[in-house]
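A.B. asks: Going line by line, the protein sequences match chains B and S. 1 is the number of the first residue of the first sequence in the numbering used here; add one for each residue after it. 1 is the number of the first residue of the second sequence in the numbering used here; add one for each residue after it.
Hints may contain errors.
To be verified - Straight-line Cα separation of at most 27 Å, DSS-like style, residue types lysine-lysine; simulated pairs: (1) S:K133 x S:K121; (2) S:K133 x S:K108; (3) B:K45 x B:K133; (4) B:K111 x S:K108; (5) S:K59 x S:K111; (6) B:K133 x S:K108; (7) S:K108 x B:K108; (8) S:K111 x B:K108; (9) S:K133 x B:K108; (10) B:K121 x B:K108.
Source of the hints: derived by calculation from the structure; they are not laboratory data.
Chain by chain, the residues:
2 protein chains.
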Amino acid sequence: MEEIALENHIVKQFDEELDEIRALLMAMGGMVAQQLQDSIQSIVKVDSGLADSVIERDKRVDEMELEIDEACLTIIARRQPAATDLRLVMMVSKAVNDLERIGDEAKKIAKQAILLSEQEKPWGFTEVRHLGKGALSILNNALDAFARFDTEAALRTFNQDQQIDLDYQTALRESVTYMMEDPTSISRVINILWVIRSLERVGDHAKNLCEQIVFVVRGTDIRHQAVFDDTH
Amino acid sequence: MEEIALENHIVKQFDEELDEIRALLMAMGGMVAQQLQDSIQSIVKVDSGLADSVIERDKRVDEMELEIDEACLTIIARRQPAATDLRLVMMVSKAVNDLERIGDEAKKIAKQAILLSEQEKPWGFTEVRHLGKGALSILNNALDAFARFDTEAALRTFNQDQQIDLDYQTALRESVTYMMEDPTSISRVINILWVIRSLERVGDHAKNLCEQIVFVVRGTDIRHQAVFDDTH
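With the hints as extra help, turn the sequences into a complete structure.
C.D. replies: Right under this line is the structure:
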């Protein structure tokens, strides 16, 4: 009886530790989503002050990645988890990497916002607003799916990336047309090009998060597949 | 005595498994370096056939990522490694991710090579050749440092990324100038822009590999620092 009680105690402690890294990951996800939103706003509202604060706060995102990685290493070393629990820890370690990269993209967008705020004749804000909305939506949906470990939501969100890719292609074509019509705009429009490219990459990272959810819950690996049909 | 013999046996088996995933990672690294080299060649030599083969072979790179990840999970679950060994396994798992992303950049470059092969008046090949040389060099140096677990070489290679970033900025400025002088070239030069951006990202991923080597060997985390002075 004592042994069982002890085992339960250890299992309970382990669950608490797992919950803790999940909570840390969700906190990091929330922070990154805010960073992305602010970076898009800093472009659309030509707000270089907001852009500065995004760049400043990126350090905190980087710190969180290291903290969570450290927590994952500790949990593996101390608890030696197997099967699903191990997959969860490994997945958290991959997921923080994607979140950190989304944070990086937000920082890159903020840097372009500062460059753009110094220029006249802004162009491309409609495109950034539209693509930005899509990128924020896929990220928030991925984080929601993660919070509930909902594979159906994850698969639906995974497929959402296709629309972002289409919107990205459209914005790219419009940018080229605009530059050809007004070559003096080229340097400025290239700033916008990097922004829409960053937003497209946010979609890719959100897609990775969705893959990781399915990987943990189902134990199958859906990376390197384009689209899923089994969402209904 | 028997117990020690058994333990030695297990330790030896574990070492063999670790060596195996290291060997797999090096094999993947060699494949990815070849992919990068071929993708650069496909641009510079306007060889869409070579570009096709890069795109085709990327599937094999993706498969290798999954295989090595699976091997890492198995080794953690079965051997429950601690301290340095655990860091090694975690690091391999991160490193394959960077290698896979370098493979992705090679595929993206190959796709641009196909688009460029359909156009007249090629421009930007000098820039691609120059930046490509830098990207290949940092990748090969990172893989060499990895093969020998050489932290000094890793730190030296880490700093090499600065030069790539400078070359990237130069190529970017030249591209803008070229487009302004000849607006009919815009669409074509944007193809080149994506290529030089991909090459710059290869430098970032190679830098990540170097960080991971130091992380494993020294147990310190050097991510999110710009440059290291302790190379000598």
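A.B. asks: Give a verdict on every hint.
C.D. replies: Here is what the structure says about each hint:
no.: 1; hint: S:K133 x S:K121; in the structure: 23 Å, holds
no.: 2; hint: S:K133 x S:K108; in the structure: 17 Å, holds
no.: 3; hint: B:K45 x B:K133; in the structure: 15 Å, holds
no.: 4; hint: B:K111 x S:K108; in the structure: 24 Å, holds
no.: 5; hint: S:K59 x S:K111; in the structure: 14 Å, holds
no.: 6; hint: B:K133 x S:K108; in the structure: 25 Å, holds
no.: 7; hint: S:K108 x B:K108; in the structure: 20 Å, holds
no.: 8; hint: S:K111 x B:K108; in the structure: 24 Å, holds
no.: 9; hint: S:K133 x B:K108; in the structure: 25 Å, holds
no.: 10; hint: B:K121 x B:K108; in the structure: 21 Å, holds
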